[in-house]
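A.B. asks: The chain contents come next:
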Amino acid sequence: MSRFVDLLLGMLGAEPKKPTHVSENVKQIMVRKYANKDNYIKEKLHIRAHQNPSHKWRNRRWSVLIAVNMLFVVSFWLDIQILEGALTASRFVGFHMVDLNSALHVMLAHKHVIVNLFIGTFTVFLLWVLMGGRSFCSWVCPYHLVSELTEKLHLKLVQKKLVTDHQFHRGTRTVFWLLFALMSFATGYTIFETLSPTGILSRALIYGPGLALGWVFLLLLFEVFWSRRAWCRYVCPIGLTYGAVGLITPLQITYRVEQCFHEGDCRKVCLVPHVLDVTIKGRATEESVGLGPDCTRCGLCVDVCPTGALLYEVKGLSKLL
Amino acid sequence: MSTQSTPGDKKTASRVPLDKAQKARRRFLHSIGLTLGVVGISLLGYIPVTSARPPRLRPPGALNEDDFLASCIKCGQCVQVCPVQAIVLGDIDDGFGIGVPYISARDQACDFSCDAVQCILACPTGALTYVKPASLEVSAGAPLARPPVLKAKENDPEPTLNLKERIGVARLARPEACLALHGQGFKGPARGPAFKGQMRYVDVDRWKPIPLRDHPYDRELCDLCFTECPIKDAIQMVSFLSKRGERLARPEVLEQCVGCGVCEMVCPVEPAAIVIDARAPWQGEPV
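Line order of the protein sequences matches chains A and B. Sequential numbering from 54 applies to the first sequence in this note's numbering. Sequential numbering from 6 applies to the second sequence in this note's numbering.
So that you can see chain A by itself, here it is in the shape it has in the complex (with noise of 0.2 Å):
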């Protein structure tokens, strides 16, 4: 229960915590890893040089990604009816589908209750629940792809020197979520949608571009000359609200202890580098522990990883299997 707790505070903003307690398994293990120092040494360079390296959950995430933002798009040029709508709200062959950030800021702003987003934000809270809680991040939002993308130019400047990574307090998101969500309620506008860049990418997909893109071309010059992937780390309240499904998914990333060298190859690649800090020399306190429900469950440190000590595992399946 204590590591729920601390899961949960770690995604609103705490930092991560040393263990107190460490089980006898971990202590073993680490005892056995450590034992010959030379060996240790020897194998985890020879890991290092049979590397091979993968973009296997990369590539699928992306294809995934492109594949739902397509199905919108195609729906409404080709009249296909599958997909209709935007990432705010949707019908699925009927049924709909509307996203919990949106039904919220709706409901706060016009203080109505709602019945159809009722329906619509259930069926979207089951299918995460079932999917992983912020997998809707990295695996539909749009956003998340460009900022990924550009991620890459952010980390060439950084390397050549040009540019720091400049942090912010990940509890700054936490302090977003309730502004957003207060002044929702007090102004009686979504305020939140002005800004949101999946809304405005998803609609730009979909309805055609406009001149909001120039915010989304604001915010990802700022992610590439000041702050690391700022938008989704410290700001975006749909992250967080997805991130509370994940909360009671099953579909998380396993981190095993054994096969970890403790090299931080994870952390480097990581949107949330904080629920990584498990994979610190000493922090595991049991041989295999989930990453908890700010991992966005995208998948890069499963692939960078060189030993396999990063899975993706479905709760309570693999004792079935």
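Honestly, the hints are just simulated from the structure, not real lab data. Do not take every clue at face value.
Claimed, not checked - Subject to a maximum C-alpha distance of 25 Å in a straight line, what follows is the list of computed DMTMM-like cross-link-like pairs (lysine to aspartate or glutamate):
(1) A:LYS90 with A:GLU340
(2) A:LYS164 with B:ASP71
(3) A:LYS368 with A:GLU340
(4) A:LYS70 with B:ASP71
Unchecked claim - Just some of the chain B residues that point at chain A, by a computed CB distance under 7 Å:
(5) HIS35
(6) LEU39
(7) LEU94
(8) ILE103
(9) THR130
(10) GLY131
Source: prediction; values computed, not measured. C-beta atoms are modelled at their ideal positions from N, C-alpha and C, and glycine is treated no differently.
Once you have looked at the hints, place chain B on chain A.
C.D. replies: Same frame as chain A, but now just chain B:
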């Protein structure tokens, strides 16, 4: 490989290193700056909303403007069902109206060629609604006296539209330009050969709207706003004789006008002599 390098390291290594508390304070201040910045930018959306520019013509069944902006989820499902693509979505210069549907009547009016106000059916949030919840305000002059009869389905068992309130009212804004008032006729496509707007003509094909430019007119005395109006008894032509004895006519908007904007779209003079006042109330027959 094993240590994580933080961006601050290089810069501060040569100088006095910032201690942890200083770093945390700096990050905290930056975070406050980010928060204020983003909130400030988000409030820019007020400018177009509260500015004095005329209100947008919203799709049929739209709630009052403030309720409409609050309840619209900006998904565009209304856009997708409209057979003539009359509905378009607001851009970021509409402020909080971003992604909110409106109709630009002069470019493409709502001609009800869907027969059933399908945009209302498509709306997932009730921002467009057949029946307003009792708690929501009904503006004076907005309710229609009786259900509007759609000329195209006048002979159907159910000839009316399920529409309780008007979205605007037509007004002869430039009588000096009106062809009928000058006894002039009109020949050719109403808006010229380059105009992209479409309309449904029941005598051509009830289920397929065609471009306006493919349907030229030949009128001795221009009466397009009257004949093309999709609603029964929403507008009439009042004939009279000029001082010189010419036969003239004046378009007169009636109470059944729902504000769809077809008259504004087909009006052949530039700019249109007859326009829709979006969200305007019915103020009684002109005296």
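A.B. asks: Next, verify each hint and record whether it holds.
C.D. replies: Here's how the hints hold up against the structure:
1. A:LYS90 with A:GLU340: holds, 21 Å
2. A:LYS164 with B:ASP71: holds, 12 Å
3. A:LYS368 with A:GLU340: Holds, at about 15 Å.
4. A:LYS70 with B:ASP71: violated, 47 Å
5. HIS35: holds, 6 Å
6. LEU39: Since chain A brings a Cβ to about 5 Å from LEU39 (chain B), closer than 7 Å, the hint holds.
7. LEU94: With a closest approach of 6 Å, the LEU94 (chain B) hint holds.
8. ILE103: With a minimum Cβ separation of about 5 Å from chain A (threshold 7 Å), the hint on ILE103 (chain B) holds.
9. THR130: This hint holds: THR130 (chain B) lies near chain A, its Cβ roughly 5 Å from the closest one there, short of 7 Å.
10. GLY131: holds, 5 Å
In this structure, only the earlier hint numbered 4 is contradicted, and the remaining ones agree with it.
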